[in-house]
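> Each chain, letter by letter, is given below.
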Amino acid sequence: MSTVQLFRTGDTPLPDVIILTHKLTREYDMGSELVRALRGVSVQIQKNEYVAVMGPSGSGKSTLMNLIGCLDTPTSGEYWLNGQKVSDLADDELARIRNKEIGFVFQTFNLLPRADALHNVELPLIYAGLSARNRRERAAHALKRVGLGDRMDHKPNELSGGQRQRVAIARALVNEPSILLADEPTGNLDSTTSTEIMGVFGELHGQGQTVVMVTHEQDIAAHAERVITLRDGIVATDQARAA
Amino acid sequence: MPFFEAFRLAIQTLRAQKLKSGFSLLGVFVGVASLIAAWSIANGVNRYMTEKFAQTLYGVNTFQLRRRPMFTPNVPDSVWRAWARRPRIRFSDAEAISEGLTIPVITAWESRDQVTVSFGNKEARDIELTAASERYFDIKNLSIEIGRPFTGEENRSGTPVAVLGEAVAKRLFSDRTPIGKSVRIGGVPYRVIGVVAHQGSILGFPLDRFVVVPALSPAQNLVNPPGILDAFLVKAHSDVEMREAMSQAEGIMRGRRHLRPKQDNNFVLDTSEGVQRFWAGISRILVTVIPGIVVVSLVIGGIVIMNIMLMAVAERTREIGLRKSLGARRRDVLRQFLAESTAIATVGATFGILAGIGLTIVINKLSPLPASVSPASVVLGVIMGAGVGVVAGVYPASRAARLDPITALRQE
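If you read the protein sequences in the order shown, they are chains B and R. Numbering-wise (the numbering used here), the first sequence opens with residue 1 and increments by one. Numbering-wise (the numbering used here), the second sequence opens with residue 244 and increments by one.
The set of hints was computed from the structure by calculation and includes no laboratory data. One or more of the hints may lead you astray.
Simulated restraints, written as ranges between beta carbons of each label pair [claimed, not checked]:
1. B:G31 - R:T531: 47 to 57 Å
2. R:Q654 - B:Q207: 28 to 38 Å
3. B:K155 - R:S610: 44 to 54 Å
4. B:N157 - R:V637: 32 to 42 Å
5. R:I546 - B:Q207: 52 to 62 Å
6. B:L112 - R:V542: 31 to 41 Å
Cβ coordinates follow ideal geometry from the N, Cα and C atoms, glycine included.
This is chain B alone, in the form it adopts within the complex:
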């Protein structure tokens, strides 16, 4: 792993750094009180890292996840994604970043129930403006990558939990994003299926994919090569594991 740059306001991240947050804060005005969910988080994640973010509920890991996923904007601080400063982008530009740079995998899969696997995987490509034929080809390719080449015309309710999550992973990968961002990806799966999904993540990581995964399960986090723990809105520990 390369050396970590000491980042100061006004700097630009090194080219290998996919994710860089600098003194990131996020406060929610709840009317009577100000909730400080993040109180200055500075992390750097390199290309092809496999990082797990852990922490008890209320630690700010969901908030960090939302900021990294460009679903939310910080109150202060900087966030650089793949060499681009995204912390002060407007709504539509954030949507474009989400479309091109980030592949989400959710705990609850979030598949469209009435659409078949292929169409579910196609969705990001629709917003990328690809032609229908192009979309189908790439979606089919992504489904084959997660081992569902023979389930393309199945609706979510015709698939097992593990298969559903694979469809979701294919959807996350279809735009070839900079990061695969998974939020409790095994939270709704039994342990066997969890292991199977973790296997998929490991494989993708092996192929060079950067993976960031939020989890509260130690044995799931154990699949990652680096674990960042948050507590009360700041980074408590940040350590590499033996892969």
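Following the hints, position chain R against chain B.
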């Protein structure tokens, strides 16, 4: 996301939720169907009134000298009594006008009453007996199916010959030929010489229950006192010539009646304009009332669609959150829901148009009202339907577009 994609998606969603979509497009459906049907009736009756009705009752480029107008809707009693006090039209009036007009015209006398016509022991009651002169058939554009009309000679000599309306011929003779047979009109024997071709009906009134006899034949005593006629018909070649002939006839009549310049006419020169003016009044009412009905149903339709769309946005909050997380911009979400509401409304409008056309056909078949679909109403129906969809969709769609993806994704 291109609009086509949004529309395709919308149709998919509609098909997936057939029942709900069916209900939601009901309002627009009713609105557009009533628009098409009502417009078709107005359109059809309008054409009927201006083309057929006026021609049947009056004839083309024809005016009638009468004591009072033939078509008299909503006349107060006082006016009616004033009309009844007027002197009647005399044979001599008709002759004076015929001689006085310098415009080439054809003319006919006309007197009418209801009589019973019988043949052997068969009777046809409430038959309109018209005592007319020979050019009556030309002016009224009555073509003879079998036999012949009576001649000027037969008219002048008062020969008791009769030309029957189709319904009368059928009633008395069934399928046998009436030509040469002797019928009794008011007790007087008449020889049948012709039958007029089928005329159909006008706004439900049958037009074939009549018999025409020479004005000077014995039956004249059945319809009017001696020397009196109901109307003197004058047909010119063109509208301009008709107007010129009318003013000449007016001058002749005023002279004959010794009217001073300030005195009103105590006769009328009646044309189809009166009927048409009356119809224009009715159609004005239709034109103001129909849009009211249509607007009300479209507004209701719009509100229904808006509600359905708000429900859809609430139900699909998660989907919206997901789409946003996958890169949908506000305008993509806005478009998706606008396309959906527009699709609902357009499908409703399309069914409405089909139903409206169907209704028009049914009205034509089952009622005396003539109706014909106006292409403009179809175009307007589509535009209004789609417009309702867009308007009704704006608020729900913008709500969907403004949803925060994080909150939306967390929604259960």
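> So which of those numbered hints doesn't the model satisfy?
none
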